[in-house]
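Peer 1: Build out the structure end to end from the sequences listed, making use of the hints.
For the sequence shown, my numbering assigns the number 1 to the initial residue and increments by one for each residue that follows.
Keep in mind the hints are simulated off the structure, nothing from the lab.
Watch out, some of these pointers could steer you wrong.
Calculated lysine-lysine pairs in the DSS-like style (CA-CA distance at most 25 Å, straight line) [claimed, not checked]:
hint, residue 1, residue 2
1, K122, K368
2, K389, K201
3, K122, K58
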Amino acid sequence: MMKRQIKIGLFIFFGCFQTAYSQQLITLQTAIDSALYNNLGLIIVRNEAAIADNNATKANAGMLPRVDLNAGTNYANNNLNQKLSTGVEINKSGVSNKSFNGQLAVSWTLFDGTKMFATYQKQQILRDMGDLNVQIKTEEIISTIIRAYSEIVRQSIVLKGTVQNISMYEERVKLAEMKLKIGKSSRTEFLQASLDLNLQKSNLVKQTTLLKNAKLNLSRLMMLPLNSEFETTDSLVIDKTILLPKLLADLENGNKQLQLLHMDELKRTQEIKEQESFYYPRVNLNAGYNFVSSSSSQGLFLINQNRGPLVGLTLNWTLYNGTQRNQVENVKLLRENTKLVYDDTKIALQTMVIAAWQNYQDAIELAKTEEESYKMANENLTIMLKRFKLGEATILELKDAQQVNEASTSRLANTLYDAKTAETELLYLTGKLIK
1 MMKRQIKIGL FIFFGCFQTA YSQQLITLQT AIDSALYNNL GLIIVRNEAA
51 IADNNATKAN AGMLPRVDLN AGTNYANNNL NQKLSTGVEI NKSGVSNKSF
101 NGQLAVSWTL FDGTKMFATY QKQQILRDMG DLNVQIKTEE IISTIIRAYS
151 EIVRQSIVLK GTVQNISMYE ERVKLAEMKL KIGKSSRTEF LQASLDLNLQ
201 KSNLVKQTTL LKNAKLNLSR LMMLPLNSEF ETTDSLVIDK TILLPKLLAD
251 LENGNKQLQL LHMDELKRTQ EIKEQESFYY PRVNLNAGYN FVSSSSSQGL
301 FLINQNRGPL VGLTLNWTLY NGTQRNQVEN VKLLRENTKL VYDDTKIALQ
351 TMVIAAWQNY QDAIELAKTE EESYKMANEN LTIMLKRFKL GEATILELKD
401 AQQVNEASTS RLANTLYDAK TAETELLYLT GKLIK
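Peer 2: Structure, rendered in structure tokens:
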């Protein structure tokens with residue numbers, strides 16, 4: 001079954017708002033793509049994820065051998081005084097001594113109570129948690145952009161409605177002035193129409209500022225120059241097929257915060273294994289090749305050289321340190337806390353999803369109603385203006401129709417915004433903003 005969607009538009013003439021120069025049209029998807037590409041916070045989280053990926057290696061966990069090459073040389077100029085058992089005595093000054101040494105050493109931990117394997121698994125989990133943090137940050141950015149974009153659409157609806165209403169108020173002033181000239185109305189009627197027009201002009205200035213500020217906020221989120229000029233679409237697509245049972249069923253596997261807590265629990269399990277590994281001995285293999293050469297211009301040994309391979313095993317076993325068992329218990333308690341936080345968060349999220357879905361349902365129904373009300377308010381105002389021209393309606397009846405139309409425009413803008421933000425909240429909570 002194809003996804004059913006509703007598209008609630010402005011139904012207001014757009015031509016009055018065209019500028020003398022061409023402006024870039026930014027769609028919601030364009031805004032999201034730009035923010036995801038340029039957002040500095042997301043770049044930071046990606047770098048942190050890359051660090052966690054670089055750390056997730058067997059060598060970093062201590063599973064691979066370590067190879068070192070050491071070398072050195074020394075030179076000395078000494079006074080020599082030697083008396084041998086044969087009675088020979090050597091006394092010499094300015095005796096030079098030279099020595100050279102080199103060593104290729106290999107150290108490999110063969111057994112450490114399986115700590116290296118637990119550490120490697122923990123590094124894999126930390127890498128996955130880094131990737132998950134990138135997804136969480138991405139969802140936050142998408143949610144923020146949708147709200148910022150929807151705010152622009154909302155303010156645009158009200159602004160364009162105000163522009164349309166001003167033309168009606170100007171027509172009303174002209175009619176009142178004409179009636180005043182021919183003696184069919186009092187000056188009070190003309191003054192009241194003029195005052196109402198001035199009020200609308202003040203509202204236009206305020207509403208223009210609200211729209212500019214909304215666009216400024218979106219420019220900041222997209223990392224655009226703050227003086228950027230652009231237009232947005234005048235409607236938002238809202239999915240009306242979201243079902244509560246499916247949302248609750250998908251919550252545990254979809255919500256990134258719950259996934260992160262689950263990974264944290266797995267990480268704590270590996271940390272317990274790391275601490276328990278200290279109960280067991282540690283066995284290292286040591287191997288290498290040594291070369292030592294020394295020479296002297298005088299003395300018993302004029303040249304002395306040693307070279308050859310070496311190999312050996314070392315065992316280290318901490319039988320008691322008084323704190324290790326407590327460390328294991330502490331990590332187990334941390335894991336238990338993580339489980340409790342997971343369960344508590346799950347219940348809280350289920351409550352939030354149910355509340356958000358109800359808000360979403362209400363907003364959808366209100367949006368339909370307000371769309372119909374807006375059409376009827378426009379039609380009523382048009383009819384009332386014609387009746388006023390013919391003298392069949394009073395100034396109060398026309399003013400009432402204008403106020404009803406203004407209120408209808410504002411309610412339509414608010415319900416459209418509420419419907420989109422409610423949908424966004426549902427998708428964010430259930431992890432469906434990233435497809």
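Peer 1: Each hint should be assessed against the structure and marked as holding or not.
Peer 2: Hints and how they fare:
1. K122 x K368: The hint is violated at about 52 Å.
2. K389 x K201: holds (23 Å)
3. K122 x K58: Holds, at about 11 Å.
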